[in-house]
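Here the protein sequences come in this chain order: A and B. Heads up: the first sequence begins at 998 in this note's numbering, then just goes up one per residue. Heads up: the second sequence begins at 75 in this note's numbering, then just goes up one per residue.
Read the hints as simulated data drawn from the structure, not as lab findings. Please read all numbers here as calculations on a predicted model, not as lab measurements. Glycine included, every Cβ here is placed at the ideal spot set by N, Cα and C. What you were told as hints is all true, and nothing was included just to trick you.
Between beta-carbon pairs, the in silico distance windows are:
(1) A679/B - S1082/A: 54 to 64 Å
(2) P654/B - T1122/A: 28 to 38 Å
(3) S1082/A - W92/B: 47 to 57 Å
(4) L135/B - D1025/A: 45 to 55 Å
These stretches of chain A come out as covered by chain B in the derived footprint (C-beta under 8 Å, 3 or more residues):
(5) 1006–1015
(6) 1021–1032
(7) 1064–1076
From the derived model, a few chain A residues whose C-beta atoms are all more than 10 Å from chain B:
(8) I1040
(9) D1080
(10) R1112
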Amino acid sequence: MGSNSRFMIGLVGVAAVVTYLVWTGVSDTMTYFLTPSEYDARIEADPSFRQVGVRIGAILVPESYEKGAGELEHRFVVHDDDDPSVTMEVLYTGVLPDTFNDAPDMLTETVLEGRYDENGVFEATLLLTKCGSRYEASPESLDRGDEPAIT
Amino acid sequence: MNIIGELALWVSLPVAIWGASLAFIGGRQNRGDLVLSAERTVYAVLALITLASLGIVDTFLNDRFEYTYVASYSSLDLPTFYKVSGLWAGQTGSLLFWLLLMCGFSALAVWSNKTKNREFMPYVVGTLMVLQVFFLVVLLFADVNPYARLGFTPIDGQGLNPQLQNYWMTIHPPTLYLGFTAFTIPFAFAMAALLSGRLDSRWIVVTRKWILLSWFFLSNGIVFGMRWAYEELGWGGYWFWDPVENASLLPWLTATAFLHSVQIQETRGMLKVWNMGLVLTTFLLTIFATFLTRSGLIESVHTFAENTKIAFIFLGFMGSIMALVAVLIIYRLPQLKSSNQIESFISRESAFLFNNLILVATTFAVMWGTLLPLLSEGFMGQEISVGPAFFNKVNVPFGIAILFLMGVGPVIAWRRASKKNLQRNFLVPIGVGLATAAGLWFAGARVGLSVMTFGIGAFVLWVIGAEFWKGTKARARIEGEGLVRAFWHLVMRNRRRWGGYIVHVAIVVMFVAFATAPWYQEIRQTLDPGESAEITSPLGSTYTMTYEGLSTNFNDREDNLAWQAVALLTVEKDGEPLPPMSTEKREYIRPERSTSTEVAIRSTAVEDLYITLADVNTRAVQMRINDPTAQTATFTFMVKPLVSWIWASAFVLTIGALIGMWPGGAQTPAPASRSAAGTAEPAPAGD
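Using the sequences and the hints, build the whole thing.
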């Protein structure tokens, strides 16, 4: 057998391993990444979807944060980015990221991982946040820059 | 100054267009005078963009909040250091900064090739100028002009996010950008080779140091980002497979592949099309990384704001380049034929090829995982995302395979390795690797992939150590030098080779440090003052942390602090007292309600003790309640072995890369039969 064809076998081997790893990797670890509206629609269509862990991307409702009763429990509300009327109550257990900010001027994007509990509260085990307004200032918020934050 | 800067930005566009036209016309018509003029426009654009950048720095230093960019990223009380680095703190400024660096490298490339490589220069200059035109058009017409004004003047700016006020975060983006922009030079030379038709390995020889320079900055930029995540984000990790992190890793992977595959082209005249493909891919990935971090296209914890217009502009630009290069490669295909063929499966060419295949496969896997939310939405109508579990599962086996090849590549013979070559070079190192793995396994390290990494790491280190030893000894004998002197001369005489080995050592150490991740310890505990927590390190020692109490501080306008709560802990290791540690939470006055957690890290050569204040009774702190319950605090305690090795290995990598890049020295590639440092066997004829 020529070394070129042996090399081709090696190449095909690497490609097969890559495909296998990527394929099984995706199917073992994938989660749906949904907006609150999409999530609600999925559950309406198929109630068993309630049991499926999902990733949610949504916007934090300003001034909605409350410290939960238990240790490291945090309660807040998020709304759909496209449709602010669709909201979701969240109970997150874990350390709050530093970029979590529910101040009135802030636009905090959140990524949550978890599922609904029986009361329709989204129990999140993972919370990633991204603070929008510090990168993209809205003129209104800048306008208030002179007001002292603590009076 | 700001007016001059803004004007300079506008003026540079026609200058760059003029320069690009001159360069291409000069190249087509062989008009040296036109090419010379074109080269002068490179300096002119650099001067203009420098003015434009200084103008932005000036607006920051003078608190000109009528500029949207300054108002968004600065405030009156921001330290001067962060006002200067404001140039790259946000989207619009960093695009200008990107352009500034690229103009700087372009000028350096033109200057250093004043009297050589003249056949390439028209097209090099032309390509670089087209890229500059593109960035200028984006800056001026895609709503990202850093000179855009608000229309009114706020009294103060929003201030820079406290998380970004960190040393590593200040140097991380510029270092990455240096890596991205330095790679435009090899790309420009590749384009010049395609356009001029000079397709031997000359363009590679010319750009060798540029490739290394770019790779060096990319590596350091990535490590600086890891360090920032570790010290600032407070979750105790350094890599999260976040889209933005991945975006910076992708060009690093293909640049690493390119760094190796060019050596095959130099020594064996093979892989010409492949190398063109890699230089194009790497360049496009640097653009992609710049664009991804700036477009917010994919969910990420730290992308910048969403900006779809710019997304289409970037994608269109990347698509056009890809199409153009593909056409050029097909047109030049007859000249890109390999001068040699792979003779044996067991040879250095083959090891390098597998290195390339695996690096490209890793690139593909990382890219797939990163873009999956977009792809699945586009093709299946619903977004699917994968997390760190996916990337670890896929990339760890690739990483181990690459590690193994790092031990094989340096000593296996070119063309065809004989049995004797294999025996002489690999018998002992493989034995050392197996013994290491077995020893650790019986010592209780029962994580298969990690133990494999340790074993293969030992194998590679032994191979490289033996190479250094053999080379030094031979030189000492032949030249009659002392060992230290011989070692020094050995490295200096072939810096590229030995510098490369030093980089390999760094990568091995880094991989070994990564492989200890399964032993990271973490506990979370809520403590009242006087209570203790215990955590046992995987190496057996026990840390006892006693919470001494919370000290608070309020409304410190000087430091922009609304409040600050510092938890003090006394620490003992196996009963022996260590210096006390403190971790704190802060809330800043501006931006309103922004918080920051300062971690406490006790770093040693063996392991890090990492403590964060996970939660305090914020309300009680704010109300300044003085009863003991206000002091209750929740801590996360972590013990992480070998983290300091990661930072140390980045330093070793820097030394190795600098040795490889240092100007001068014996850099001519040795012919294939000799370049295995005397370890190669004469290749048998025929197949």
